[in-house]
Amino acid sequence: MGATQTAVQHGAAHAHDEHEHHEHHETFITKYIFSEDHKTIAKQFLITGLIWAFIGGLFSILFRIQLGFPDADLTWLKPLLGEWIDKDGKMDKDFYLALVTMHGTIMVFFVLTAGLSGTFSNFLIPLQVGARDMASGFLNMLSYWFFFVSGILMFVSIFLETGPAGGGWVVYPPLSALQEAAPGSKGGMTLWLLSMAVFIVSSLLGSINYITTVINLRTAGMTFTRMPLTIWAFFITAVIGVLSFPVLFSAALLLVFDRSFGTSFFLSEIYINGQALHHVGGSALLFQHLFWFLGHPEVYIIILPSLGITSEIIATNSRKPIFGYRAMIGSILGIAFLSFIVWAHHMYMTGMNPFLGTVFMFLTLIIAVPSAVKAFNYVTTLWRGNIVFTPAMMFSIGLVSLFVGGGVTGIHLASAAIDIQLHDTYFVVAHFHLVMGASAFLGMMAGVYHWFPKMFGRMMDERMGYIHFWLTFVGVYCVFFPMHHMGMAGYPRRYYSFTQFDSLDAFADVSAFISISAMIAFGAQLLFAFNFFYSIFKGRPAPSNPWRSNTLEWTTPRFPQHGNWPGEIPHVYRWPYDYSKPNAPEDFIPQNVPYSETLESNLPYEAIFVEQEKEYEPERFGTPEAKKNS
Amino acid sequence: MMFYVILILGVIVFVGLLGFIYRVFALVNLSKTSGENYERRTGKSAAVNGLSLIIFFVVGMVAIFWYSDAVKIHYLPEASSAHGSSIDNLFWITTIVVFIAFALVNALLLSFPFIYRFKDNRKAYFYADNHKLEIVWTVVPAIVLTVLVLMGWNVWSSVTAPAPTGSLEIEVIGKQFNWMVRYAGKDGKLGRHDFRQIDDDNAIGMDFKKDFKTNADDFTASELKLPKGQNVLLKIRSRDVLHSVFLPHFRVKMDAVPGMPTSFWFMPTKTTEEMRAQLSKEGRPNAAEFDYILTCTEVCGNSHFAMKMKVSVLEKAEFDKWYAEQEPWAVKNKEYLQKKGINVGGLALNK
Chain D
1 MGATQTAVQH
11 GAAHAHDEHE
21 HHEHHETFIT
31 KYIFSEDHKT
41 IAKQFLITGL
51 IWAFIGGLFS
61 ILFRIQLGFP
71 DADLTWLKPL
81 LGEWIDKDGK
91 MDKDFYLALV
101 TMHGTIMVFF
111 VLTAGLSGTF
121 SNFLIPLQVG
131 ARDMASGFLN
141 MLSYWFFFVS
151 GILMFVSIFL
161 ETGPAGGGWV
171 VYPPLSALQE
181 AAPGSKGGMT
191 LWLLSMAVFI
201 VSSLLGSINY
211 ITTVINLRTA
221 GMTFTRMPLT
231 IWAFFITAVI
241 GVLSFPVLFS
251 AALLLVFDRS
261 FGTSFFLSEI
271 YINGQALHHV
281 GGSALLFQHL
291 FWFLGHPEVY
301 IIILPSLGIT
311 SEIIATNSRK
321 PIFGYRAMIG
331 SILGIAFLSF
341 IVWAHHMYMT
351 GMNPFLGTVF
361 MFLTLIIAVP
371 SAVKAFNYVT
381 TLWRGNIVFT
391 PAMMFSIGLV
401 SLFVGGGVTG
411 IHLASAAIDI
421 QLHDTYFVVA
431 HFHLVMGASA
441 FLGMMAGVYH
451 WFPKMFGRMM
461 DERMGYIHFW
471 LTFVGVYCVF
481 FPMHHMGMAG
491 YPRRYYSFTQ
501 FDSLDAFADV
511 SAFISISAMI
521 AFGAQLLFAF
531 NFFYSIFKGR
541 PAPSNPWRSN
551 TLEWTTPRFP
561 QHGNWPGEIP
571 HVYRWPYDYS
581 KPNAPEDFIP
591 QNVPYSETLE
601 SNLPYEAIFV
611 EQEKEYEPER
621 FGTPEAKKNS
Chain V
1001 MMFYVILILG
1011 VIVFVGLLGF
1021 IYRVFALVNL
1031 SKTSGENYER
1041 RTGKSAAVNG
1051 LSLIIFFVVG
1061 MVAIFWYSDA
1071 VKIHYLPEAS
1081 SAHGSSIDNL
1091 FWITTIVVFI
1101 AFALVNALLL
1111 SFPFIYRFKD
1121 NRKAYFYADN
1131 HKLEIVWTVV
1141 PAIVLTVLVL
1151 MGWNVWSSVT
1161 APAPTGSLEI
1171 EVIGKQFNWM
1181 VRYAGKDGKL
1191 GRHDFRQIDD
1201 DNAIGMDFKK
1211 DFKTNADDFT
1221 ASELKLPKGQ
1231 NVLLKIRSRD
1241 VLHSVFLPHF
1251 RVKMDAVPGM
1261 PTSFWFMPTK
1271 TTEEMRAQLS
1281 KEGRPNAAEF
1291 DYILTCTEVC
1301 GNSHFAMKMK
1311 VSVLEKAEFD
1321 KWYAEQEPWA
1331 VKNKEYLQKK
1341 GINVGGLALN
1351 K
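Line by line, the protein sequences are chains D and V. Take the first sequence: its position 200, counted from the start at 1, is 200 in this note's numbering, and no numbers get skipped. One rule links them: number in this note's numbering = place in the second sequence (from 1) + 1000.
Be careful, since some hints might not be right.
Okay, the calculated bits of chain V under chain D, using three or more residues with CB under 8 Å as the criterion [to be verified]:
no.: 1; stretch: 1061–1072
no.: 2; stretch: 1109–1118
no.: 3; stretch: 1155–1161
no.: 4; stretch: 1225–1231
no.: 5; stretch: 1274–1283
no.: 6; stretch: 1316–1327
Keep in mind the hints are simulated off the structure, nothing from the lab. The C-beta atom is built at its ideal place from N, Cα and C for all residues, glycine as well.
Isolated chain V, as found in the complex (with noise of 0.2 Å):
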């Protein structure tokens, strides 16, 4: 491949030295000519850059539609969680507004060079302003994005409102250069943490001597395992510097802040299954080797692109069952609370 790019840039230096010497004597010659008299305004330039800017407009668009096309089947796949659709939807009202916005005025801006190239015989039409034409021109993009905003606002609010009672309660942790995840375990509640219990074995710094009770059921887990059809809340922190949540599959994104607690609520809609099948149905490649994926979008450092943890959505059953049989990380790790002077002892009522 290597080979391909250094004779890419040999040909394109290759060309340019001529042109360069080219050139040179051209201009050796001219300024043995010159003078006063630069009056040339017309020639064959005009009609040459002018029908440039009209085939580039052309051959652009086709290029865009052709290329679009192409590439659809590397979009992501339809939203897998409830809110997700809704900014798709918006996505793609924006998307077909603006490109025709974006068409009409290319297609005005790239033809009127040749249309009105200049000629020696004709005068310019002395047309200073008009006061209708711009009234009309600022007040119809105004409604426009009033209307877009307005579709905006509402997915916003119901995106950003407080999550529903009840949802299931799991906590993202961001670090150099990995995800952890904690699930609140029986009680459905996640303990409390503090950075400065963090050390080697309690990563995301459970603190049990402050908070025994509802620490000592949570779990962690090496993948991120979601329930179908169930209202999840994601609190999201940070130990060390910014990273950014960001689960493509389901439009979720939210920044892992130090020192300052975020959260992202959403419902997943499609089991990793069910997606595989749908998937395989639309004829993507590798569409049995599909997964969810949850990845960092704020650069953290030299391994952000590789911080990446592997999502599975199961049925709420398979899921629920799941739950119940993890092991809480204080029974697994009861000696080093030990050590650390924890009494232990509630851990087997847990259990």
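So that you can see chain D by itself, here it is in the shape it has in the complex (with noise of 0.2 Å):
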């Protein structure tokens, strides 16, 4: 660890610390609904983002319960869906397509994008790297009410009358293009790429902040290797979202284009309802080689920021330090870099060249190396620990279970000669919800249970945190375990009803079990909404430091005010990973404690940052003299 730990740095003044928050005329609209406090744009994130999960889940417990029980009479849905269950009880073909676009639409970009990212980098960077705020409190309630409005065009598309976008949430071109291709191509494919387009401008706007925070306003002695985990996957997470999502706005507006003013971007050589279009030259491999230019990098955007908050989490509750802390920094940039460049994985049957293929697998099998080392760093770093079971610690446990459970299977699909016959059935489906879906969910959950005395200054009730945990992490495998054999036997995805592709109907029982399972597991998520906002009013009031964490977030008072610590913003002496030090009276020595003052557990290489204390601080631990002169 000696490594790990460079010297205190000092010396530099900080701007931001002078800078103390003046008096506040604030009124409700500053306060609560246009703030530039990081701590209330992160709860904005939330809510908005825990609505659009109990959206997004019941449109998947809707088209679960057309695919578990396909000769139902869904006339009883009638006064949700309207029109959309025909005379006969039978959902709508269309509408089907359009309820799995916008699950995965809902999910992927609002929940665990903004929901995720737009929460917990809000609210901890600032916290754990000791700054006020964000570098601009401006852009960041910006990034929030594009968001918003982003959410809002989105909303609106699904109570249009053709229905919302629906040509499954990649939105490939022509059909996607091709107004008369299908009804979720009309107004609501329109009102998808205007809201993905202010989408972006949001996500944009966040990462800059994100990264230009990290970079400058760290606090004293916070050096790169002393920040969390957390911040860390949150950093690296921008740099990847700011690189990756101006890609989709490209794609976007060109098929805005093909769309709306006839140009041929993606189109070419098109016979459709009675007459061939003019377009020629375009191509559409080209909109997927740009979707997934984002597509691919969005999945570690999505996961990368659950795993920081697992890395910190799961050492917290082991009382250890997390193992490998540079293993894992190394790992987190190695994933980022080589998510650019495995992207054609997802393309080895579109037709692309095969050399393309060969080339992709090799990258596609590198980047499981670190996931790979990171799932065995977890696991070590339980090992001998003195475990807490908190539900952030059972939702970070059960995060790293499914992260390895759907992290196997991709080994299978990066494979392009496995992938011909796996490509698009449901082990795909099955592969990326437990790797990327739910998993990330999990860890979303963790980060709530952990940082929602931080966030709201009351504990969340634990009893109930366990029961959601046990309803969520079973309910995950028992929906998506089984749709491996489903792929296995070659069931498609995106199919309404699979009548016509096996007459046997085989996995019918499978299927319907498969839709029990996901209605147990949303069922849950109504305890945690409960608990959620019930504990937010009456929970019981939370101590300053309720897991007896190393971070600095934990020396703000119990309601920190805009501006964070009341005082001058503490400075950091060592890493955040020093818990049950040997011959330590405690089993954590917070980030904010100087080496001078742990003599005791200082190991024999910390002698030297004792040293370095008096040099860069004598007013407060050099000799009297050196006090004195200071």
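Grab the two chains, each in its own frame, and use the hints to assemble them into the complex.
Listed below in structure tokens is the structure:
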């Protein structure tokens, strides 16, 4: 660990320290609505994200009803879905595709990107690096309100007569480009593109802020190798976002041109609706390349923050340093770099040159190595720990289990030859829901349980948390594990029913089981919603450091005001993982405790830090003489 | 069936409500007696949750094996193409390797929490890193992955190599929402096509104006018939949106892209009859009615799920006989061609 601790950096004075927070004349509007306080903005992201999670979850339940019980009379859903249920009580086929599309879009972008990064990057970056707020509070506020507008646009599209976008969340043209190809490619698709364009603006504003804050506003002594892994994860996630989202923006823009202005970027040689279109020379594959150039980094934008949160929670609750801190940073960086050069593994069967397939197969399997290292490091962190079972810890353990379970099947799909058979089957659905859908969601829940006391000054109920965890964790495995076998039987995804594909409908019972499991897991989220909102107002008041954690956010008062710390920002003297250090009286030493005050537990190579503290902060640690001189 | 869903949902809601009421009282009680002394770190919940993780692992593993065996009868039968069995081998080798990794990591992950649950009188082991260990578990997966990827590369290269000469060319065209097939006829060459020539009659857009000769003997069929033991080259295209040719029993998949022709070649190794016999020997349900299928795996609109075509594999001799008997499309549609102003004089020669 010695190498991880570099000299206490002090010298540089911190302009932001001096800016004491002045008397704010806050109104309700500036405090809760157009707030520039990163903590409020984080809560706005969180609550909006949770509402979207319920909408996205509800959509999945609706299409699971169709898949699990294809013969059922759904007339009882008419009050909710109106004309989308036909006279015979059957779900409209276009609406089924719209549900699938919206579920994917909402979960990937609104819940697991905005809801996750937006919440925890906003909340934790200033608090954990020791800053008064984000680099730009105003841009941060804009970031939320762009997200809000993008959500409104998407929400409106649900109520169009022709329905929301329906070509799958990947919106491949020509289906998405030709209004006559499907009802879901009409107004719903226009709103989808608009909504995503606004969303990308929101995401970029947020990411630029996160990056700037991490680079510029760290408190004294907070070197990069003393940053908690949460911050490393959020930081790198933001970098990935800045580099990849603009590419999606360009793809969306070109698609808008093709849809509305008669260009032919993605369209060529099409005969539809009784007439040959004028488009020639475009490439449908070009869109796929552009889309996945964002799309693949996007899955790491989703999973990295969750892994960061998990690292923090597992170390804290195992009362042990995270194992291989440097390796963890290295694997985050490795994953981030590799995430940009593996996108075409989504495209092995698109008619792309097979040689490209070979190249991407090799690159993709490399990315499995840093991912595996992370999983091993989590397990080793648990080994010989002193493990506290908070709900956050349960969710973190659940995340690692799902991440491994979904990750290993990535090895099947990355191998182009095996992918010939498995591509676009339920095997893929099982894979990505486990590895980045459900596991990122569990990470988000872990984060909520862990930082709720800091967000709202109260504790959530633990027992309800455990019940929530078990129903969710078991539910997720019951939903997605059997899908591997359906994929092995060749069942394609995005099918309205399987009576045509397989006259036997061999997996009918399994489908019903999956649907019921999904309903139970969804029901468990209501328990969480109750616990969450109830505890905001009535939860047990939180102590200042309920989990005995080392990071800086726990040094703030129970209700930190705008500016976070009432006095000077604490200085940082050590890494965040000094848990259960030999000879220390307590099993944790917060980052703001200097080595000079922990002489009994300092390791031999840490003696030099005591000297450095004297040198850099003589007024605090120096000899009486030095104090006088300073 | 719906009744049961409602019943189950009702039960869940009812149980949930009971729980809510119970917790409301408990929480009200707690918030009255709260204080800064939130120090409880041990207790029953640790043992219960820790033990539950272990039970979950054991029950889960048993369930996986039981379920995998129970649905074995519904897995796809042994591949009916030459390259298919090498894909299957690769799949099962990979599955075994990754399942072992999955089981090992989960065994440790889900048992450590109980074994090392919090005790007041114990301190966790301060163990920040171990370079040897980290190198080992970076290098071992890297080696295993390299072996897997090299095996995969080998199969991928041979599957995607250019089609051997003498392959039977068949054109497969996707449209919303069905597949169309065209055979090359006597000359073994598919005629040129142009999407501007498509209309209700000439659904695949054969271009007789520019290429009468090769198009003249081409014929279409309502199902995809394949010869056993001969290399078949599928030339794939789409008329409107993306589709994807999927022949699950042959381990064949390739997107159909408007404006960009794609292809996939393979060799069928079992006739439909042989497959039926094999399935009934394996005791699979409905083996006598079995048919190979061609289906779509790229979402293409509301009837995506119903975009299916029957596939039959015939003995080579039987196939050749069928092939020779087919009447060219142009002959069947002479009047249409004449109406389009195309000189059909040569057709009689082709007949």
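Tested hints:
1. 1061–1072: holds (count 4)
2. 1109–1118: holds (count 7)
3. 1155–1161: Satisfied; 5 residues make the cut.
4. 1225–1231: violated (count 0)
5. 1274–1283: Result for this restraint: violated, n = 0.
6. 1316–1327: violated (count 0)
Violated hints for the displayed structure, listed by number in ascending order: 4, 5 and 6.
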